[in-house]
Amino acid sequence: MKVVLRNPRRELEVPAPHSVAQLLTDLDVVPESVLVIRNDTLATHDERLHDDDVVEIRPVTSGGAA
Amino acid sequence: MKCRRCRAPAVIDVRRHNAGFCADCFTRHCREQVRRAIDDHEMIAPGQRVLVAVSGGKDSLGLWHLLRALGYETDGLYVGLGIGEYSDESGDSARAFAHEHGWPLLEVDLRATYGFDVPSGARAIRRVPCSACGLSKRHVFNDAARANGYDVLATGHNLDDEAAVLLGNVLRWETGYLGRQHPVLPAAPGFVQKVKPLVRLGERELAAYCVLTGIDYIVEECPMAAGNRHLGYKELLNEIEERSPGTKAAFLFGFLERGHERFAADAVEERADLHPCPECGAPTPADVCSFCRLRARATRVIPVAAENSA
Chain G
139 MKVVLRNPRR ELEVPAPHSV AQLLTDLDVV PESVLVIRND TLATHDERLH DDDVVEIRPV
199 TSGGAA
Chain Y
960 MKCRRCRAPA VIDVRRHNAG FCADCFTRHC REQVRRAIDD HEMIAPGQRV LVAVSGGKDS
1020 LGLWHLLRAL GYETDGLYVG LGIGEYSDES GDSARAFAHE HGWPLLEVDL RATYGFDVPS
1080 GARAIRRVPC SACGLSKRHV FNDAARANGY DVLATGHNLD DEAAVLLGNV LRWETGYLGR
1140 QHPVLPAAPG FVQKVKPLVR LGERELAAYC VLTGIDYIVE ECPMAAGNRH LGYKELLNEI
1200 EERSPGTKAA FLFGFLERGH ERFAADAVEE RADLHPCPEC GAPTPADVCS FCRLRARATR
1260 VIPVAAENSA
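Residue numbers (the numbering used here), protein chains in the order written: chain G, 139 to 204; chain Y, 960 to 1269.
If you are wondering where the hints come from, they were derived from the structure by calculation, not from laboratory data. Accuracy of the hints is not assured; some may be wrong.
What the hints assert, rightly or not - Estimated spans, in silico, between C-beta atoms of each pair:
hint : chain 1 : residue 1 : chain 2 : residue 2 : range
1    : G       : GLU151    : Y       : GLY1043   : 30 to 36 Å
2    : G       : LEU150    : Y       : GLU1194   : 32 to 38 Å
3    : Y       : ALA1209   : G       : SER157    : 25 to 31 Å
4    : G       : LEU150    : Y       : ALA1231   : 54 to 60 Å
5    : Y       : ALA1224   : G       : SER157    : 49 to 55 Å
6    : Y       : ASP1175   : G       : PRO146    : 45 to 51 Å
7    : Y       : GLY1218   : G       : LYS140    : 45 to 51 Å
8    : Y       : PRO1005   : G       : ARG186    : 48 to 54 Å
9    : Y       : ASP1068   : G       : THR163    : 41 to 47 Å
10   : G       : SER157    : Y       : ASP1068   : 46 to 52 Å
11   : Y       : ALA967    : G       : ASP166    : 31 to 37 Å
12   : Y       : ARG966    : G       : ARG144    : 30 to 36 Å
13   : G       : HIS156    : Y       : CYS965    : 35 to 41 Å
14   : G       : ASP184    : Y       : ASP1246   : 57 to 63 Å
As the list claims (entries may be wrong) - Just a few of them, taken from the derived set where beta-carbon distance is under 7 Å, the chain G residues facing chain Y:
hint : residue
15   : ASN145
16   : PRO153
17   : VAL168
18   : ASN177
19   : LEU180
20   : THR182
21   : VAL198
To be verified - Sample of chain Y residues with no beta-carbon within 12 Å of chain G, all distances over it, derived:
hint : residue
22   : CYS965
23   : LYS1017
24   : GLY1043
25   : ALA1147
26   : ALA1167
No residue lacks a Cβ here, since even glycine has one placed at the ideal position from N, Cα and C.
All chains, full assembly: derive it from the sequences and hints.
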């Protein structure tokens, strides 16, 4: 399964874990800080993943306080 | 996971509501949250002209889209901050969005209009870039809104932004800031009304709203914000939220309902001491306003012509 990470953009190949939640745990990503987009569609944390999926983990935290 | 409202397959889960939503119900949920924020805090009166500050990011473009969806005839304002490729891309994103929808977009370039940009301003005052950036944006937003006859300036501050600012203000007991921290900063001599209609939506919800409605926002973060204190507060709050969903909303809304009023007098006191800046006319408690002091130092230390030719 291909995983696309952002800021900076990079790609990983990993065996598909059981679910979106498990993928975030494996990558040590706080779920509240990202959206998960599987094959161009938003994915909920309980969704199952497959080896032919392309999954983008898109950060949602922006930095300006002003 | 099923949609809480219609039982169709969910596309987004929002843990603080302990709910999943399908795309249609989620966009409706976002509009309802903005509607409620506007009504609860009396942000926009009928007939008022509203200007939305847009950066090309998810929050501001999402806000503009939501306000238009709710029937507000809002225009956009983009401020060019001179932060290299990031500003080029964010400007392109804001312009493309405005063009796609046919909505008016005002533009102000900090360097062309005021003679400096955020990097040179930060160097001049020897502060972190976010400090020069925030100061400049606050001034230019208000200046542009007043000069173009708008009654209300709307910004894309969301629940996460406000909770992080609140945490920072509490940790340092900034009582004046706590008194001013509210979804509405009413109009006063020299100031248009400032409102934050996204205060009931988290930034994950805003990002999802943009993806689901096809808003092509700039995902890359400002390179100058990396590692700033505000981001650190957000990380801490997200870790707490993970263990105890709903904590960010309870922290912020609890403050607004039960804490804000206790500090309001400090903010009123600060506003009572304001007089027009002799350079630009903006209200200030000092001899010259902080934006004009920044501008004077930035244009003296790094002349525009010298930096352009470097």
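What hint numbers does the structure not satisfy? 2, 6, 13, 16, 18, 23, 26
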